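Visitor: Please work from the sequences and hints to get the whole structure.
1 is the number of the first residue of the sequence shown in the UniProt record's numbering; add one for each residue after it.
Watch out, some of these pointers could steer you wrong.
With a straight-line cut-off of 30 Å between C-alpha atoms, the simulated DSS-like cross-links for lysine-lysine are [what the hints assert, rightly or not]:
(1) K75 <-> K195
(2) K195 <-> K212
(3) K75 <-> K254
(4) K254 <-> K8
(5) K59 <-> K256
(6) K59 <-> K252
(7) K254 <-> K59
(8) K75 <-> K252
(9) K59 <-> K195
(10) K8 <-> K195
(11) K75 <-> K8
Label-pair restraints from in silico Cβ distances [to be verified]:
(12) A217 <-> K75: 18 to 28 Å
(13) M202 <-> P257: 45 to 55 Å
(14) R175 <-> A217: 20 to 30 Å
(15) E83 <-> E167: 24 to 34 Å
It should be emphasised that the hints constitute simulated quantities derived from the structure, not laboratory data. Please read all numbers here as calculations on a predicted model, not as lab measurements. Ideal Cβ placement from N, Cα and C applies to all residues, glycine included.
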Amino acid sequence: MNDTVLWKVDGRGVATVTLNRPAVNNAYNGDMIAGLHAAMDALAQEPTLRVVVVTGNGKHFQAGADLAWINTVAKQTPRENDEVSRLTAEAIRRLDTCPVPTVALIQGGCFGGGTGIAAACDIVVASEDAIFSISETRWGLMAGIILPQLCRAMGVRQVRRYALTGERFGAADARRIGFVHEVCPADALRGTGDKIVDAILMNAPAATTATKLRTLASADAFVDDGEMRDLIQEHARTRQLAEATEGLASFKEKRKPAWYPG
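Guide: Rendered as structure tokens:
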């Protein structure tokens, strides 16, 4: 266990999973990925689990990948890069296919992998100050392992804009395009989430699980093993290309990347 992901389950069977690297805006690294797997392993053993609420400690929900960590991973062997991408992709898939309803509460920045976490949840509530961005291409990377969830959450037309531009968009636009279900004042985020959780708890547990899983199956929303393998390999290889090296260097040096004209 590590403290980058915290979890607890209350007497109603409502779990809260909290991303806990507030000093770096909850940017994910190897420890956080391991923490997500540990949380899901633990919750899978909870016989009374009814709902999972995903939150982020601090000012921001989740600011994407820790780019210093990505730079370190990129210098490792192809096999080691495949393993990092596999663990990351499996964490998203496990959240996506969690048999109980999942609710994400988003405040502040939700970038890169953070949008993947949100897309993998059944219900998303955002505070009015929330800002979203599918930002990987800015750094010479790609959002490959979360693109299936993003396409199903906001639609391929919107992904074709926001994943190709890396633009930031606010909570109101996120709701307009269907990525977010509810927008509320920052001080009402938890309360709004509690109302949704209470609505879920009124429903029969087994029927709720069956409805969720049948909905995913009917929408062809499960990522099969073959597609998963391709996503992992492409994600890992992109991290080791020259564009990623330049993108990460531009981030560290606080400058525009070499591919920007002029």
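Visitor: Each hint should be assessed against the structure and marked as holding or not.
Guide: Hints, one by one, checked against the model:
1. K75 <-> K195: With Cα atoms ~46 Å apart, K75 and K195 exceed 30 Å; violated.
2. K195 <-> K212: holds, 19 Å
3. K75 <-> K254: Answer holds: K75 to K254 is near 21 Å, not above 30 Å.
4. K254 <-> K8: violated, 39 Å
5. K59 <-> K256: Judged against 30 Å, a Cα distance of about 26 Å means the pair holds.
6. K59 <-> K252: holds, 22 Å
7. K254 <-> K59: holds, 22 Å
8. K75 <-> K252: holds, 16 Å
9. K59 <-> K195: Within the cut-off at roughly 22 Å; holds.
10. K8 <-> K195: holds, 19 Å
11. K75 <-> K8: violated, 36 Å
12. A217 <-> K75: 18 to 28 Å: For K75 against A217, whose Cβ atoms are near 40 Å apart, the range 18 to 28 Å is violated.
13. M202 <-> P257: 45 to 55 Å: holds, 51 Å
14. R175 <-> A217: 20 to 30 Å: Because 27 Å falls inside the window, the suggested range holds.
15. E83 <-> E167: 24 to 34 Å: Distance hint for E83, E167 holds at roughly 32 Å.
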